[in-house]
Amino acid sequence: MILKTKQLSKSFGGLKAINKVDFELPKNEIRGIIGPNGSGKSTFFNLVSGIYDSDPGSYIEFDGHDITFAPPHEIASYGLSRTFQLLRLYQDMTVIDNVMSGYHTRVPYKFFDAVIGRKKIWDQERAIKEEMMELLSFVGLADYAELNASELSGGQRRLLVLARAIAMKPKLLMLDEPAAGLSPVNVDNLMKIIMQLKEKYGLTLIIIEHILKVVMDTCNSVTVFDHGQKIAEGTPAQVKDDNAVIEAYLGKKMDDEEMRKALAV
Amino acid sequence: MEKFKSIIRDYPFIAFIIAFIILAFVPSVVFTDVYQSHLATLIFVNIVVAAGLNIVKGYCGQVTVGHVGLFAVGSYTAGTLFLYLGLGFWATLPIAIIVTAFFGVAMGIPSFRLEGPYLALATLGGGEAIRLFIENGNFFRSTFGISDIPTPSLMGYNFDSPDRYYFISMTIMIIAVYFSFSILRSGVGRAFMSIREDPICAAAAGINVKKYKILAFILSAMFAGAAGAVYAHMPPGYIHPNNYTVIEMVTFLAMVVLGGLGHIWGGIIGAIVITIVYDLTRPLYKYQLLIFGLTIVLTILFMPKGLGGFIDRYFLEKRFKKKTGTEKTT
Chain A
705 MILKTKQLSK SFGGLKAINK VDFELPKNEI RGIIGPNGSG KSTFFNLVSG IYDSDPGSYI
765 EFDGHDITFA PPHEIASYGL SRTFQLLRLY QDMTVIDNVM SGYHTRVPYK FFDAVIGRKK
825 IWDQERAIKE EMMELLSFVG LADYAELNAS ELSGGQRRLL VLARAIAMKP KLLMLDEPAA
885 GLSPVNVDNL MKIIMQLKEK YGLTLIIIEH ILKVVMDTCN SVTVFDHGQK IAEGTPAQVK
945 DDNAVIEAYL GKKMDDEEMR KALAV
Chain B
21 MEKFKSIIRD YPFIAFIIAF IILAFVPSVV FTDVYQSHLA TLIFVNIVVA AGLNIVKGYC
81 GQVTVGHVGL FAVGSYTAGT LFLYLGLGFW ATLPIAIIVT AFFGVAMGIP SFRLEGPYLA
141 LATLGGGEAI RLFIENGNFF RSTFGISDIP TPSLMGYNFD SPDRYYFISM TIMIIAVYFS
201 FSILRSGVGR AFMSIREDPI CAAAAGINVK KYKILAFILS AMFAGAAGAV YAHMPPGYIH
261 PNNYTVIEMV TFLAMVVLGG LGHIWGGIIG AIVITIVYDL TRPLYKYQLL IFGLTIVLTI
321 LFMPKGLGGF IDRYFLEKRF KKKTGTEKTT
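Going down the list, the protein sequences come from chains A and B. Going letter by letter, the first sequence gives residues 705 to 969 in the working numbering. Going letter by letter, the second sequence gives residues 21 to 350 in the working numbering.
Take the hints with a grain of salt, since some may be wrong.
To be verified - Facing chain A, from chain B, some residues (calculated, C-beta under 8 Å):
#1 PHE33
#2 PHE199
#3 ARG210
#4 ILE220
#5 ALA223
#6 GLY226
#7 LEU336
Said to hold, decoys possible - Computed footprint of chain B on chain A; a stretch qualifies when at least three of its residues, placed anywhere within it, have a C-beta under 8 Å from a C-beta of chain B:
#8 778-788
#9 794-800
#10 806-813
#11 817-824
As the list claims (entries may be wrong) - Which chain A residues stay away from chain B? Per the calculated CB distances, all over 10 Å, these:
#12 SER715
#13 SER887
#14 GLN900
#15 MET920
#16 ASP945
#17 GLU961
These are computed hints drawn from the structure, not numbers from a lab. Yeah, the Cβ is synthetic: ideal placement off N, Cα and C, and Gly gets one too.
With the sequences and hints as input, model every part of the structure.
Given below as structure tokens:
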């Protein structure tokens, strides 16, 4: 198990955004997370990556480390990387700087070497830049490396965010709606790149996605959230036919008696 | 030429040594009177402050308006150490840098919880508090100021006139700019920039936001402390609380903004331009604040990346054209 949560809860005032979620994820799996808007998917990501503090009684374990109370940068240093729904691109930095900033946890030299500016620093910086250029050309952004990130198109921004998250060579990559707002052709292209990256780096993936086709096609297993609770889990085929899932998305299935009562009121 | 370029790339300090040698010949070749050396020293002091301010404001994105307070701490540490212990420049400079670094920590702690204009207000209060503390404390000679701070001497040679002191301030400036250059070009500079752009995403990428914020404040405070000590020992060796008011802060800000926030050479370009303009407009002293205020506003409106960004853009477009053979329209 690379990621494990027990009784994970988070409430905002009276609203229970995440309510006692037990979640387990084996290595090398691609897990899809689906659920209606406001069902707690993104909150779950924020709790795991340490952006929010979880409520008392929760327990989160990542790759053998207890990360329940760990700050985000510590969690990242264990090898957990994530993207954001709203991208959070570094707009005023060049594309290559964006990707290289994702490399932070792997930077090999110490601060004082950098102050003195020894030769080995510049050598290592160049090696990092080369590696990151390779990554950029893999996702197809190498030509734009020197431009500001704000000058990229929507689809290119999604690719850049993906490259930035990969740069730290994570063990677990959590993608929050990687394909939101893309045209169907671009979605296929993006998913192809994600799968290639997974093979290349041996990643475990969690993907939040609203495009059900993507989830059904690529994920080994799917977890469904509704009202902060985990309502179903299993293979895509199992989840598709689960009554609770259909209820969450389409409403309750009623028999004739119930329907008559509901219409009478 | 290619070989020379690659040597500079591996050992950037060689470029700084060349700059040092060129600047060393400037007084004897270019300058016609002593006043120009004095002006050059002021430019160098301002470059050191602006390079430090660029770290915390331009790179790390923390809007601090109390930097002049740190500059005052540097000056007054040097001044009081001379006044009570009779220490000379070579002892007061490192002590001033260390003491100012501690004040930098105090100035940086509010940045954990405040951001943008609120942090600006908090640091403004901090900077003014330091000045008022000095102005009202007999220990610091209050409004009399500290006078006759001696100029440094090295191996029997005394740097006791502006054209000699030029070499001290120039050396300190070169060293400071070299440090800021190598810090900002490394991963540390990148971490600062990511905090400026998006602290939450930076944290998720493994950057310890609090640590780097404080680091930025400490580094820039050390620059301000060094500049303050150099300023205090500058002939005629007189410091007064009125040299550390909000007006000075505005000129420091104007330097960084005009040069280009988050541009390595930005603060330096800005410091040169603003100090010379400040000197030329001395007869119009009533309107100086207006001029610098307008400079900041107009730069932010029409040239948000400052002169440095302008130059960068020019070279980028040139390279882009060379590579692709097309004109870029944006």
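Going down the list of hints, with the structure as the test:
Satisfaction of the interface hint for PHE33 (chain B) is found here, the shortest Cβ-Cβ separation to chain A being roughly 6 Å, below the 8 Å cut-off. The beta carbon of PHE199 (chain B) is positioned within 8 Å of a beta carbon in chain A (closest approach about 6 Å), and the interface hint is therefore held. A least Cβ separation of about 5 Å between ARG210 (chain B) and chain A falls short of the 8 Å threshold, and the interface hint therefore holds. A hinted interface residue such as ILE220 (chain B) counts as satisfied when its beta carbon comes closer than 8 Å to some beta carbon of chain A; here the least separation is about 6 Å, so the hint holds.
The interface hint given for ALA223 (chain B) holds, since its Cβ lies 4 Å from the closest Cβ of chain A, which is under the 8 Å cut-off. The criterion of a C-beta within 8 Å of any C-beta in chain A is met by GLY226 (chain B), whose closest approach is roughly 3 Å, and the hint holds. Checking LEU336 (chain B) against chain A: minimum C-beta separation of about 6 Å stays under 8 Å; hint holds. Judged by the Cβ-Cβ criterion of 8 Å, the segment 778-788 of chain A is covered by chain B as claimed, because 5 of its residues qualify and three suffice.
With 4 residues having a Cβ less than 8 Å from any Cβ of chain B, the segment 794-800 of chain A passes the three-residue criterion, so the hint holds. For the segment 806-813 of chain A, the assignment as covered by chain B holds, since 6 residues bring a beta-carbon within under 8 Å of that chain's beta-carbons and 3 suffice. Only when three residues or more bring their CB closer than 8 Å to a CB of chain B does the claim for the segment 817-824 of chain A stand; here the count is 5, and the claim holds. Distance check for SER715 (chain A) against chain B: the nearest CB is about 21 Å away, which clears 10 Å, and the non-interface claim stands.
With a minimum CB-CB distance of about 23 Å to chain B, SER887 (chain A) clears the 10 Å threshold, and the non-interface call stands. Taking the minimum C-beta to C-beta distance to chain B, about 22 Å, the non-interface status of GLN900 (chain A) holds against the 10 Å cut. With a least beta-carbon separation of about 28 Å from chain B, MET920 (chain A) lies farther than 10 Å from that chain, consistent with its non-interface assignment. At roughly 36 Å from the closest C-beta of chain B, the C-beta of ASP945 (chain A) stays outside 10 Å, upholding its exclusion from the interface.
At roughly 51 Å, the least C-beta separation between GLU961 (chain A) and chain B is larger than 10 Å, which holds for a residue marked as non-interface.
The structure is consistent with each of the numbered hints, conforming to all of them.
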